[in-house]
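Chains B and C: place on chain A using the hints.
Residue numbers (our numbering), protein chains in the order written: chain A, 822 to 1120; chain B, 3 to 155; chain C, 2 to 124.
The hints are simulated quantities; they were obtained by calculation from the structure and are not laboratory data. Bear in mind that the values here come from a model prediction, so they are computed numbers and not experimental data. Idealized CB from N, CA, C, for every residue including glycine. Misleading hints may appear alongside valid ones.
Unchecked claim - One side of the interface only, derived from the structure: several residues of chain B facing chain C at Cβ under 8 Å: (1) Pro21; (2) Leu51; (3) Thr54.
Stated by the list, open to error - Derived lysine-lysine pairs resembling BS3-like cross-links, with alpha carbons at most 27 Å apart: (4) A:Lys923 - A:Lys876; (5) B:Lys83 - B:Lys121; (6) B:Lys97 - B:Lys23; (7) B:Lys97 - B:Lys121; (8) A:Lys899 - A:Lys959; (9) B:Lys82 - A:Lys1045; (10) A:Lys1045 - B:Lys83; (11) B:Lys121 - B:Lys145; (12) B:Lys145 - A:Lys1045; (13) A:Lys943 - A:Lys899; (14) A:Lys1045 - B:Lys142; (15) A:Lys1045 - B:Lys121; (16) B:Lys135 - B:Lys97; (17) B:Lys145 - B:Lys83; (18) A:Lys876 - A:Lys959.
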Amino acid sequence: MPEKKNSRNSKVKRTATDIQEAGDYARSLLEASLDPLVTISPEGKVTDVNEAVVKVTGILRKDLIGSDFSDYFTEPDKAREGYQRVFATGFVTDYPLTIRHKDGHVIEVLYNASVYRDVKGKVAGVFAAARDITAQKKTEAELAKTNAALQGQIEERRRAERAILELSTPVLQLREGLLILPIIGILDSQRARQLTEQLLNSIRDNRAKVAVVDITGVAAVDSKVANHLLQTAEAARLMGAIVILTGLSPEVAQSLVSIGVDLGRLITVGDLQGGIIEADRLLGFKVVHNQDDFTTRRV
Amino acid sequence: MAGNGANAPVLSGNEIVIPIKSDVDVVIARQEGRRLASELGFNAGDITLIATAISEVARNIVNYAIRGEIVLGIVEELDKKGISIIAQDNGPGIKDIALAMQDGYSTSKGLGLGLPGSKRIVDEFEIASEIGKGTVVRMKKWKRQNINSRSWV
Amino acid sequence: MRVPILKQGPFLIASVQSALTDEDLVQLRDDLTQMVGRHHSRGVIIDVTALDVMDSFAARTLRSMAATIKLKGAHSIIVGIQPEVAFAMVQLGLSLTGVSTALDLEDGLNLLSKQMKENQNGG
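Chain A extracted, bound-state conformation (with noise of 0.2 Å):
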């Protein structure tokens, strides 16, 4: 008889002791974890902590027992919310919190955390694990410094480049009521239409009634710039200014009658200083400004 009792003795202690086992195991986990775990009770109590708490928080187990959850936030509102909304709910994931640690210093977390329940189904408190996201969040803020910085220099490129294209056009007001505009390089159709904004403007702005544009240093003319030089004029027209054109070569005059740019509504002179007499000239006389009056001088 006293064998059986033995085995029975025994077959109790063993289960003890798988239980202990078992618990000393899954207490061995939970603070091997590197996330700072907690548990939250219904008041808002921290009821058990592992070591990493320690660690992030710089308070002893024995302190952070038994205290608020949310003292140890930059937010404590936020946090607070975080866990009563985990009891309403039964969940939250990805919460963006701020842990302040006894020194001073912060750490980026997002919990995630659920309730957990008694063996009889009763909610018994909050299970909350938090993620270390510090060096994420330094990553994606140099990301933005980047970023900014990228765009400020395609910023000061395009003012670079804007102030470039209005020197490359210059106006100047010879004297009163006349406008000198002399084009040096490649007119394109960018800088022709570069030229028509500022030529208008400058009429408009200096109430300019002539405007002798030099095309002397300009290599080549096709038929599309000679067109939006023709329009220009026109447009200045019906702003009461008269646009003389000087520096046509004659060949460049022939080519491009020969395609069929009509210049016979275009004042041409030969040179810039022929130009300015001719302007002169105008501005002396009461100038009529009728259509019909446009004619082509001679180079």
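Okay, now just chains B and C, sitting in the frame of chain A:
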């Protein structure tokens, strides 16, 4: 159908429909066009061109169709954005579209409908008309990628 | 809305607003023609500074307006066409053939005065 090619416009977002019955509506249509073009970020010069094109086609509705509508919308394609202008009516239709599209700096040529001029100032232009049924003019103008954002040309 | 017309000595000045309808324009043409006759005006200035769009109808009407007023012995000058509007007109192929233009009201009045003096001197 005559024109320099455009598929059925893909209108994204809101469309503005302006009923056209009288010359007052022409002014409203071009003011709406001006506003939309400005919102889209078109430069001052293009805004004026757009408003002018709208004025032309809207007036045609008043003069010839009695009643119709202008539909304004935003169009997007790959990496460009623009404005879509549709002028439609249930008027008598244009008998000779070729004649209507004939260019003439005075109104002695063409039918004086302002269509050739409008075609010149937009990027895409399409016109379809059926006698007794009506006319539809579709236009699109894309925003120019300009270095100088202050430029209006 | 009816375009107001001011009398300044021998000249008439009309300033159009941006919301100018076709009817307003036709009305303006009739009003100007009538007033030129009534006051024996020598010149008319039509200020379109506020006009944001000049389309083919407006251009046509302004041209016919100038021609009609000329028949009544007065000279017309369109002033205040803005840079964007001027460029749009030209791209559209709209011309104001036979119509004088000046930058603004001041230039327009100066022009009219000079022309009047010329006419008086048999110029």
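We went through each hint and held it up to the structure:
At a threshold of 8 Å, the smallest CB-CB gap from proline 21 of chain B to chain C is about 16 Å, leaving the interface hint violated. With a least beta-carbon distance of about 5 Å to chain C, the hint placing leucine 51 of chain B at the interface is held under the 8 Å criterion. Interface hint status for threonine 54 of chain B: upheld, as the beta-carbon distance to the closest one in chain C is roughly 5 Å, under 8 Å. With a C-alpha separation of about 10 Å, the suggested pairing of lysine 923 of chain A with lysine 876 of chain A holds against the 27 Å cut-off.
A threshold of 27 Å between alpha carbons decides the hint, and for lysine 83 of chain B with lysine 121 of chain B the separation of about 19 Å falls inside it, so the pair holds. For the hint linking lysine 97 of chain B to lysine 23 of chain B, the alpha-carbon distance of about 22 Å falls within 27 Å, and the restraint holds. About 19 Å separates the Cα atoms of lysine 97 of chain B and lysine 121 of chain B, which keeps this hinted pair within 27 Å; it holds. Using a Cα cut-off of 27 Å, the hinted pair lysine 899 of chain A and lysine 959 of chain A holds, with the two alpha carbons roughly 22 Å apart.
Of the supplied pair hints, the one linking lysine 82 of chain B and lysine 1045 of chain A holds, its CA atoms being roughly 25 Å apart against a limit of 27 Å. As the CA atoms of lysine 1045 of chain A and lysine 83 of chain B are separated by approximately 26 Å, the hinted pair is consistent with the 27 Å bound. This hinted pair checks out: lysine 121 of chain B and lysine 145 of chain B have alpha carbons roughly 16 Å apart, not beyond 27 Å. A distance of roughly 21 Å separates the Cα atoms of lysine 145 of chain B and lysine 1045 of chain A; the hinted pair therefore holds under the 27 Å criterion.
This hinted pair checks out: lysine 943 of chain A and lysine 899 of chain A have alpha carbons roughly 26 Å apart, not beyond 27 Å. Distance check on the hinted pair: lysine 1045 of chain A and lysine 142 of chain B sit about 23 Å apart at the alpha-carbon level, within 27 Å; holds. Using a Cα cut-off of 27 Å, the hinted pair lysine 1045 of chain A and lysine 121 of chain B holds, with the two alpha carbons roughly 18 Å apart. Of the supplied pair hints, the one linking lysine 135 of chain B and lysine 97 of chain B holds, its CA atoms being roughly 11 Å apart against a limit of 27 Å.
Only pairs whose Cα atoms come within 27 Å are accepted, and lysine 145 of chain B paired with lysine 83 of chain B is accepted, the gap being roughly 6 Å. Under the criterion of a C-alpha separation no larger than 27 Å, the hint pairing lysine 876 of chain A with lysine 959 of chain A is consistent with the structure, at around 21 Å.
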